[in-house]
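Residue numbers (my numbering), protein chains in the order written: chain B, 1334 to 1446; chain C, 13 to 130.
No lab work stands behind these hints: they were computed from the structure. All C-beta atoms in this analysis are idealised placements derived from N, C-alpha and C, irrespective of residue type, glycine included. There's no promise every hint is true.
[Unchecked claim] Some chain C residues flagged as far from chain B (calculated, every beta-carbon gap over 10 Å):
(1) 15
(2) 73
(3) 75
(4) 105
(5) 121
(6) 123
[Unchecked claim] Lysine-lysine pairs mimicking DSBU-like chemistry, simulated, CA-CA at most 30 Å apart:
(7) 1406/B x 76/C
(8) 67/C x 78/C
(9) 1403/B x 78/C
(10) 1433/B x 67/C
(11) 1388/B x 76/C
(12) 26/C x 76/C
(13) 1388/B x 78/C
(14) 26/C x 1433/B
(15) 1411/B x 53/C
(16) 1403/B x 26/C
(17) 1445/B x 26/C
(18) 1411/B x 1433/B
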Amino acid sequence: AQTVTQSQPEMSVQEAETVTLSCTYDTSESDYYLFWYKQPPSRQMILVIRQEAYKQQNATENRFSVNFQKAAKSFSLKISDSQLGDAAMYFCAYASQGGKLIFGQGTELSVKP
Amino acid sequence: GAVVSQHPSWVICKSGTSVKIECRSLDFQATTMFWYRQFPKQSLMLMATSNEGSKATYEQGVEKDKFLINHASLTLSTLTVTSAHPEDSSFYICSASGYGLKNDQPQHFGDGTRLSIL
């Protein structure tokens, strides 16, 4: 069975600085997808970024980028130029071809002004 | 983008009553819907997966008779919490996947329902 682990329950970053959230996963599959979701206090689930396992290039979406290390089964999220609106719970998630999502435990990110 | 509407957003009811939560896909055909439960500061826990026209598949430890799931059409799934008790109080989120979606997300989420049982 696949598992997703986020070892940082809480993280803090100064506004305009950079922060990296960690995520590791375990799977025996070769084809899969990885995601980072943001859940602000409103509790909406917002997709931040997605990575296909077959792509070697790390995904980037504006200030958000990932460091995908397939052999190490690591998928970290880097947030550059942090903004107050980035404060939220962040979930790393794994999806196989069947589409079922497996979430990590979450990291609560606070942004200090 | 794809829209999933979940209703109600917040419900308070007395212990022993049954509560129904609706999840609708507004602009695509949802062949599969997922129901999650989330406790404060915790992750989303998958409760069940339902395919249109079929019985739901429940995750281990989830009581089928307590959490009734119906997915009778390609746009609507419902979760009924039967004879609800205070321990059923939680945040419930639905999500959907299906035809007519851009291939950027495996699931599109509703905004969730906060259920409080007194």
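A quick look at each hint next to the structure:
{"no.": "1", "hint": "15", "in the structure": "holds, 12 Å"}
{"no.": "2", "hint": "73", "in the structure": "holds, 14 Å"}
{"no.": "3", "hint": "75", "in the structure": "holds, 20 Å"}
{"no.": "4", "hint": "105", "in the structure": "violated, 7 Å"}
{"no.": "5", "hint": "121", "in the structure": "violated, 4 Å"}
{"no.": "6", "hint": "123", "in the structure": "violated, 6 Å"}
{"no.": "7", "hint": "1406/B x 76/C", "in the structure": "violated, 34 Å"}
{"no.": "8", "hint": "67/C x 78/C", "in the structure": "holds, 15 Å"}
{"no.": "9", "hint": "1403/B x 78/C", "in the structure": "violated, 40 Å"}
{"no.": "10", "hint": "1433/B x 67/C", "in the structure": "holds, 17 Å"}
{"no.": "11", "hint": "1388/B x 76/C", "in the structure": "violated, 39 Å"}
{"no.": "12", "hint": "26/C x 76/C", "in the structure": "holds, 21 Å"}
{"no.": "13", "hint": "1388/B x 78/C", "in the structure": "violated, 42 Å"}
{"no.": "14", "hint": "26/C x 1433/B", "in the structure": "violated, 33 Å"}
{"no.": "15", "hint": "1411/B x 53/C", "in the structure": "holds, 21 Å"}
{"no.": "16", "hint": "1403/B x 26/C", "in the structure": "violated, 49 Å"}
{"no.": "17", "hint": "1445/B x 26/C", "in the structure": "violated, 41 Å"}
{"no.": "18", "hint": "1411/B x 1433/B", "in the structure": "holds, 25 Å"}
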